[in-house]
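Asker: In case you want the letters, here they are:
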Amino acid sequence: MALHDLPLRVVLYEGSGAESVDAESRWAAMNALLERGFAVTRAGAERPVSPADATPMLVVARWQQPPPDSADAKVRWGSLDPATVAEQAEAARAEFSSPTPGAWRPWFPVIDYDRCTNCMQCLSFCLFGVYGVDPEKRIQVQNNDNCKTNCPACSRVCPEAAIMFPKYKAGPINGDVVSDSDLNREKMKIDISSLLGGDVYSLLRDRSERARSRFGKERDSDKALAERQKCLNKLASLAADIPAEVLMSLPSPEEIARKAAEASAKAQSALADQSPRTAPTT
Amino acid sequence: MSHPPVPPPPALLYCHCQYAQVVSPEVKAAVLKKLCESDLPFEAVPDLCELSARRDPSLKRLAAAGPVKIAACFPRAVKWLFAAADAPLPLGATEVLNMRTRSTDEVLASLFSPELRPNLPEGKVTAADAPASAGASADVNHPPS
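Chains as they are written, first to last, in my numbering: chain A, 1 to 282; chain B, 283 to 427.
Since the hints were made in silico from the structure, they are not lab data. Note that the coordinates shown come from a computational prediction; the quantities given were computed from them, not determined experimentally. Each hint should be verified, as a subset may be incorrect.
[Unchecked claim] In the DSS-like style, the derived pairs of lysine-lysine whose C-alpha atoms are separated by at most 27 Å in a straight line are: (1) Lys169/A to Lys315/B; (2) Lys266/A to Lys137/A; (3) Lys137/A to Lys342/B; (4) Lys148/A to Lys74/A; (5) Lys148/A to Lys169/A; (6) Lys137/A to Lys148/A; (7) Lys406/B to Lys74/A; (8) Lys137/A to Lys406/B; (9) Lys148/A to Lys266/A; (10) Lys406/B to Lys342/B; (11) Lys137/A to Lys259/A; (12) Lys406/B to Lys259/A.
Given the sequences, and given the hints that come with them, work out the whole structure.
Answerer: Quick look at the structure:
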């Protein structure tokens, strides 16, 4: 999905040249548009609203006279009729080739840079390439649509509780304030590591090597799958809200090892660049 | 003698949190209804998360437009959703009203109050920074028009 295309903006207009609308109709129109995923501006003189820009617009009103001719190719005019306004918006969206609202469920990590220490744990942990570093080697979310819906796993490995998923059910992952007990999750992270024998990836690598060794003898793919599942189930039992489908969609052990090595190298490189440079000796 | 310039009234932004069930539908409906009953202009977005992910230009415009009240979710989340879209909100001129934790009456009272109470977190936020239970007393049945 192209996330950078401009979405359609709908403007409810009740100013000069148009009738004012009763509150019930206004609410019905507004609600219908929001439920279909359209952003709506109720324009008026009393307070500021966002000014027009390159975003395509549908301006709906109960016109007392024909709407103005507009040379702006990004503006369409419509009727403020609650029964049809969502369909009008949908037609305008299609005409402008604006993104389809709701085509992608917005589930992705949001970094609280007041808390983040740039430790790169999240980059090292995520196997789906969600994280990267900016030109200043600062951690950032680069591929938010790679994130697995409902999976908050990376926030659980963050020692500073700096990773939020605003649609998550509970704090502090949902953005609520961070308590001392939340910070004790660092201990949980250590527990995961010790249980899994160092870290998740080294365990997976070890298991992969053991599985490969067995393959040489029996080539039993069912056993290899069972091994992988057992390992992932251990992780799931410690972080019960990681969806099973996320765990099952993890790459193969070999692919995990490769991705983990890549992420680790990227993280190490970023961390090395953060270290104070040694002053040259003369 | 010249008077200091009067700050503009805050812009109003409502988030419908369309793609999750984390905000009570009753609270959302009541807040949106009262906004529609008022004569106030406002912006309503289906989902701030989606706009942030898309780096929607409307977030930049809102963040740059001056004081703003945002009916959405946790202030910490809203702050960094805007920041992720390269649209940092003004720390001293943004009030976020949390529809996940506050009652409809509390949200509406703050939304329609002429007073702006900036509450974006600055620095690390801990439990000590949590707001005291809101004791809003404005008459929500008679928002200013």
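Asker: Now tell me if each hint is right for this structure.
Answerer: We went through each hint and held it up to the structure:
1. Restraint check: the Cα-Cα separation between Lys169/A and Lys315/B comes to about 25 Å, which is no more than 27 Å; the hinted pair holds.
2. Restraint check: the Cα-Cα separation between Lys266/A and Lys137/A comes to about 9 Å, which is no more than 27 Å; the hinted pair holds.
3. Of the supplied pair hints, the one linking Lys137/A and Lys342/B holds, its CA atoms being roughly 24 Å apart against a limit of 27 Å.
4. The hinted pair formed by Lys148/A and Lys74/A fails the criterion: a straight-line CA distance of about 35 Å is larger than 27 Å.
5. Taken as a hint, the Lys148/A and Lys169/A pair is honoured in the structure, with Cα atoms around 16 Å apart against an allowance of 27 Å.
6. Of the supplied pair hints, the one linking Lys137/A and Lys148/A holds, its CA atoms being roughly 24 Å apart against a limit of 27 Å.
7. The straight-line distance between the Cα atoms of Lys406/B and Lys74/A is roughly 43 Å, outside the 27 Å bound, and the hint therefore fails.
8. Between Lys137/A and Lys406/B the alpha-carbon distance is near 22 Å, which keeps this suggested pair within the 27 Å criterion.
9. For the hint linking Lys148/A to Lys266/A, the alpha-carbon distance of about 21 Å falls within 27 Å, and the restraint holds.
10. With a CA separation close to 24 Å, the supplied pair Lys406/B and Lys342/B stays within the 27 Å bound.
11. With a C-alpha separation of about 19 Å, the suggested pairing of Lys137/A with Lys259/A holds against the 27 Å cut-off.
12. Taking the CA atoms of Lys406/B and Lys259/A, the gap is about 32 Å. The hint is violated against a cut of 27 Å.
Of the numbered hints given earlier, the model fails hints 4, 7 and 12; all others are met.
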